[in-house]
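Asks: Spelled out, the chains give:
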Amino acid sequence: MDYTAQTNALRAAADKLLSEGTVDCVIGLTPNEAVGFPTPIVIRNPEDAGKLVWDENCFTNIAVYLLRTTGRRAIAAKACDVRSIINLLAENQLKRDEIYIIGMQCPGMIKDGEPAPGCDQCPSSVPGISDLTIGSDGSDTYQDEKMEPHGENVTEWMENSTDAEKKERFLKEIDKCILCFTCRQACPACYCTACFIDRKADPWRQIDADRATKIAFHLTRAMHLAGRCTDCCACEKVCASGVNLRYLYRGIIEFVSDTYGFTTGVDPDARPVMNSFTSEDSETGFLGR
Amino acid sequence: MSENVNTEWTPRIVTFLCNWCSYAGADLAGTSRLQYPPSIRVIRVPCSGRINPQYIIKAIADGADGVLVSGCHPGDCHYLAGNMYARRRFAVLKRLLTLAGINSDRVHFTWVSASEAESFVRAVKEVTEKVRALGPNDLGGME
Ligand code: SF4
Ligand code: SF4
Ligand code: FES
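Chains as they are written, first to last, in the numbering used here: chain A, 7 to 295; chain B, 691 to 833.
Honestly, the hints are just simulated from the structure, not real lab data. This one's a predicted model, so the numbers in the text were calculated from it and none came from an experiment. There's no promise every hint is true.
To be verified - Derived, one-sided and incomplete: chain A residues facing chain B with beta-carbon distance under 8 Å:
| id | residue |
| --- | --- |
| 1 | Val41 |
| 2 | Phe202 |
| 3 | Ala218 |
Claimed, not checked - These stretches of chain B come out as covered by chain A in the derived footprint (C-beta under 8 Å, 3 or more residues):
| id | segment |
| --- | --- |
| 4 | 772–781 |
| 5 | 810–820 |
All C-beta atoms in this analysis are idealised placements derived from N, C-alpha and C, irrespective of residue type, glycine included.
Could you put the whole structure together from the sequences, leaning on the hints where they help?
Replies: Take a look at the structure:
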């Protein structure tokens with residue numbers, strides 16, 4: 007792959023889109039020495055195209071910024087950003103004709119010198135939908151690059167672990183959490199204007215810095231993301247306390263796929279899986295079944 | 691966990707019942723003088739589809755020993771499809787709780803109609819026995 011060529015192609019595309027007035031802004035990433043990896047930027051002038059960058063540390067999912075900007079927006083999106091975008095389209099949170107997707111081929115990103123969270127399970131180096139393609143050699147065609155998902159099979163782990171082992175893993179992560187909610191802020195599927203955890207007016211949703219609140223926050227969030235999480239791992243990447251609950255989300259992804267045959271982030275026209283039903287839906291685990 | 695379980699211990703089972711069927715079924719069990727263990731604490735809801743999964747999570751996180759949810763049979767929901775959405779939600783929730791180490795025998799879902807007092811009693815007995823076998827829920831509440 008050639009990150010310099012990809013960066014140049016991205017800058018040229020941004021310059022053209024803004025100069026010709028095709029879009030009002032371009033969402034991308036820019037070098038940030040203070041944090042040590044590129045961070046999000048929204049550019050509105052063609053002169054700023056040079057601020058955009060594409061390198062091996064571009065692991066941040068920027069799809070969430072489509073929800074915080076208006077007008078016609080271009081976005082430099084890799085495969086996982088596009089999965090998030092497809093979910094947002096399926097949930098009617100974005101209009102397809104307002105979004106211009108610059109598809110960036112991505113061979114897997116690096117964070118802190120190691121493969122970034124999520125890249126181990128990535129099904130494809132190529133974004134699912136795009137309006138412009140920038141292949142890994144900087145050309146306008148995607149190169150033939152195979153991805154081999156090799157991450158943990160959570161269902162298998164679940165079946166082979168005792169309740170005590172599962173509880174230990176869960177509580178070990180829960181106890182690290184400081185309830186800062188950065189994971190929610192970074193998540194492209196957590197776009198509620200009034201998140202349940204902020205609704206302190208409801209007395210039964212009491213928020214304390216205790217274990218019960220942390221359990222309630224994380225399990226409820228996992229429920230809200232069922233059938234909507236695309237395994238981009240934005241939450242894990244931003245957590246300053248190193249909380250790693252990705253396996254819960256993956257476990258649900260596997261369950262939803264096995265039970266309802268649904269994969270999130272593939273079809274922008276699909277009806278969200280938790281917003282549909284069939285008369286034959288599984289009742290495994292129900293009483294007397 | 692299992693040492694301090696004795697047969698006298700009665701678990702506390704938070705029970706969500708749909709107003710239109712299961713709640714009436716429970717009522718019928720009462721007026722028919724059917725006996726069942728005093729383990730359930732009933733919360734009446736308008737429909738199984740009204741049960742926010744957070745209610746169940748909150749009950750478990752705050753230390754309830756078990757949860758029982760019962761609504762109208764599929765096809766009989768008074769709001770047409772509330773229980774159909776609930777069915778998927780409950781299936782996913784159960785998997786999520788299992789992943790987190792909460793034994794799947796603590797959380798139960800079933801369908802009971804207004805005339806099925808006997809199946810309501812059977813469900814309460816079965817769930818009480820299952821939760822009693824697991825012993826108290828030591829997950830939440832405590833630091
Ligand atoms: S970012 Fe980490 S510490 Fe903050 S709420 Fe999320 S899991 Fe907890
Ligand atoms: S945790 Fe749930 S309520 Fe909060 S922002 Fe995410 S989806 Fe919305
Ligand atoms: S009205 Fe009983 S489940 Fe909907």
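Asks: Are there hints from earlier that the structure breaks, and if so, what are their numbers?
Replies: Per hint list: single violation, 1.
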